[in-house]
Amino acid sequence: MNRVLSDTLGILNMVLALLIIVTGMAVGINRFNEVGHGASVGGILIGLFFGFVAAAAVCGTLATLLLIENHLRNIRAITEDLHARAIRARK
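For the sequence shown, the positions run 1276 to 1366 when our numbering is used.
Keep in mind the hints are simulated off the structure, nothing from the lab.
Simulated DEER-style distance windows between Cβ atoms:
1. 1319 / 1290: 20 to 26 angstroms
2. 1359 / 1324: 47 to 53 angstroms
3. 1323 / 1360: 49 to 55 angstroms
4. 1348 / 1311: 50 to 56 angstroms
5. 1352 / 1328: 32 to 38 angstroms
In this text, a Cβ means the ideal position worked out from N, Cα and C, and glycines have one as well.
Sequences and hints are given; from them, build the entire structure.
And the structure:
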């Protein structure tokens, strides 16, 4: 069950990152419209940049924790396999 929850959290993390990036772009467009420049490429690029920075800070941290969890899961599987081989070799 924990594996399913961890995998689901990884998917939700990706969705959240995309949502943050798109929201940053929308805010950039909105800010440039407010100052009278229209929805220019500059507003889109600035919004995307800050969206990427925010997504990296929030979702990157969570992604790192999920990656550590995945590595620990793999180490456990390898260790259990080696332990089982050692027991079979003794017999």
